[in-house]
Amino acid sequence: MNLREIHWFKFASPQNFYFLAGKMWPWFAALATVLMLVGLWISFFVAPIDAQQGQGYRIIFVHVPASQMSMFIYLVMAGWAGFGLAFNTRLSGMMASALAPTGALFAFLSLITGSLWGKPMWGAWWVWDARLTSELILLFLYLGFLALQASIDDPRRADKACAVLALVGAVNVPIIYFSVKWWNTLHQGASVSMKGSAMAAPMLAGMLVMVFAFWMYTIAIALLRVRSIILDRERHTEWVKHAVE
Amino acid sequence: MNTPIASIGIGTVMLAILKREIALGMRQKGEVLTPLVFFVVVASLFPLGVGAETNLLLRMAPGVLWVSALLAAMLSLQRMFSTDYADGSLEQMVLSSTPLGLLVLSKALAHFLLSGLPLVLVAPVLGLQFGLDSRAMGILVLTLLLGTPTLSLIGSIGAALTLGVRGAGVLLSLLILPLYIPVLIFGAGAVEADAAGLGIGGHLSLLAALLVLSLFFSPLATAAALRISLE
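In order, the protein sequences belong to chains L and S. Start counting the first sequence at 1; every next residue gets the next number (this note's numbering). Start counting the second sequence at 1001; every next residue gets the next number (this note's numbering).
Do not rely on the hints blindly, as some may be mistaken.
[Claimed, not checked] Over 12 angstroms on every C-beta distance to chain L, these chain S residues come out as not near it, computed from the model:
(1) Val1032
(2) Leu1033
(3) Val1042
(4) Ser1134
(5) Asp1194
(6) Glu1231
[To be verified] Looking from chain L toward chain S, a few residues come up when the C-beta cut is under 7 angstroms (computed):
(7) Asn88
(8) Thr89
(9) Lys160
(10) Ala170
(11) Asn172
(12) Ile176
(13) Tyr177
Everything labelled a hint here was simulated from the structure, so no lab data went into it. Ideal Cβ placement from N, Cα and C applies to all residues, glycine included.
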């Protein structure tokens, strides 16, 4: 056997991944903390007061990263789910179920911060605008995933059933988004696009740092959670007994 | 022992399943009638809840009838596979040489004929109660006719996923209702668009597109879910 050959699938085994994740998560957690502190410092002390919205706009530094993460995590989750169905790997399903609660949390956080922001700016806690509504529906999709996971006892069957649901959901997300958008829109247009940004540089910097902080947090928490899932599912094996000791 | 294996065409098998489902439905009339009565009762509750002002009811009618239809169609979904699962015939279908997706397709079609089509036929009566004129009623019936098959097809995925699961009924609604939203928006939206003087062509095309899309994808997803449930 060639010594230089890399064993790509070495970490597909839950046992190996358990120890890899144990090495990795503190780094991501540390990065998340540092970035979060820097991001909050920029967003509270460096970023200027908005000309129209005053101090109230500062919730954007939590709202935008949370909404982005909630959508992105759903895609990653569906990706893992599809991977698990296609290759029949156990770890993929565990990753999908480790990501789901964090995704649901961010969807919820984005709705809460959105309504806290909406009250002073639009004068209402909730408006039936396209983006709010589709974020709410995304939360429903997460809750459906978690509920299905919780109601099937056999973890392998739960993983596969949830994988089908996540894929069906992923196909539906764009359809739901555009059908809700058709319906009406009040939300301000996106201020950050590929062409450039309509925001002041420190605001943009603060938001980007917060986005990265949320990324690192998600990775750290997903690794931590997948470690518990691995321990729970493999509790009858010999290596877990040694690992826990 | 060289018994020739009789080869049965796929169409024959699908037709046989369709006939069997309809025969079963006709024998247990309660199962067909209950969602229909539910539809009528739910739609009648709205005027009692919001008041009998004619203009308000007229504006609400398409949405109310569509939401009631969604809920009614969901009531009978759970039965789509559970009885076959209980008596073992579902396992035979999974094992048979006919592609499972096509068998599922004819079961979804039977579900539409037994639960969706009656809703479409009753809707005009409820429309009268809400004071819809004949033009709006025609559009409502047309959208229901285009939309309810999609509901049966998407619903079959949820029915297969929740097969033999604890608390399947409530879980099914949590899984499926969010996926029904586009059908609801374009179905109820068509009547309002016509009332506002806009064309309804776009809405009908989108409903038809959703139907085609679910006609293609949902039997595949349902078949995969059934295989997982029967493992």
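A quick look at each hint next to the structure:
1. Val1032: The assertion about Val1032(S) holds, with a minimum of 27 angstroms to chain L.
2. Leu1033: At about 29 angstroms from chain L, Leu1033(S) clears the 12 angstroms cut-off, so the statement holds.
3. Val1042: 21 angstroms, holds
4. Ser1134: 26 angstroms, holds
5. Asp1194: 16 angstroms, holds
6. Glu1231: With a cut-off of 12 angstroms, Glu1231(S) comes too close to chain L, as the shortest Cβ separation is near 6 angstroms.
7. Asn88: With Cβ-Cβ at 12 angstroms, over 7 angstroms, it is violated.
8. Thr89: For Thr89(L), the interface hint is violated, since the closest Cβ of chain S sits about 15 angstroms away, which is over 7 angstroms.
9. Lys160: 4 angstroms, holds
10. Ala170: 11 angstroms, violated
11. Asn172: 5 angstroms, holds
12. Ile176: With a minimum Cβ separation of about 6 angstroms from chain S (threshold 7 angstroms), the hint on Ile176(L) holds.
13. Tyr177: With a closest approach of 10 angstroms, the Tyr177(L) hint is violated.
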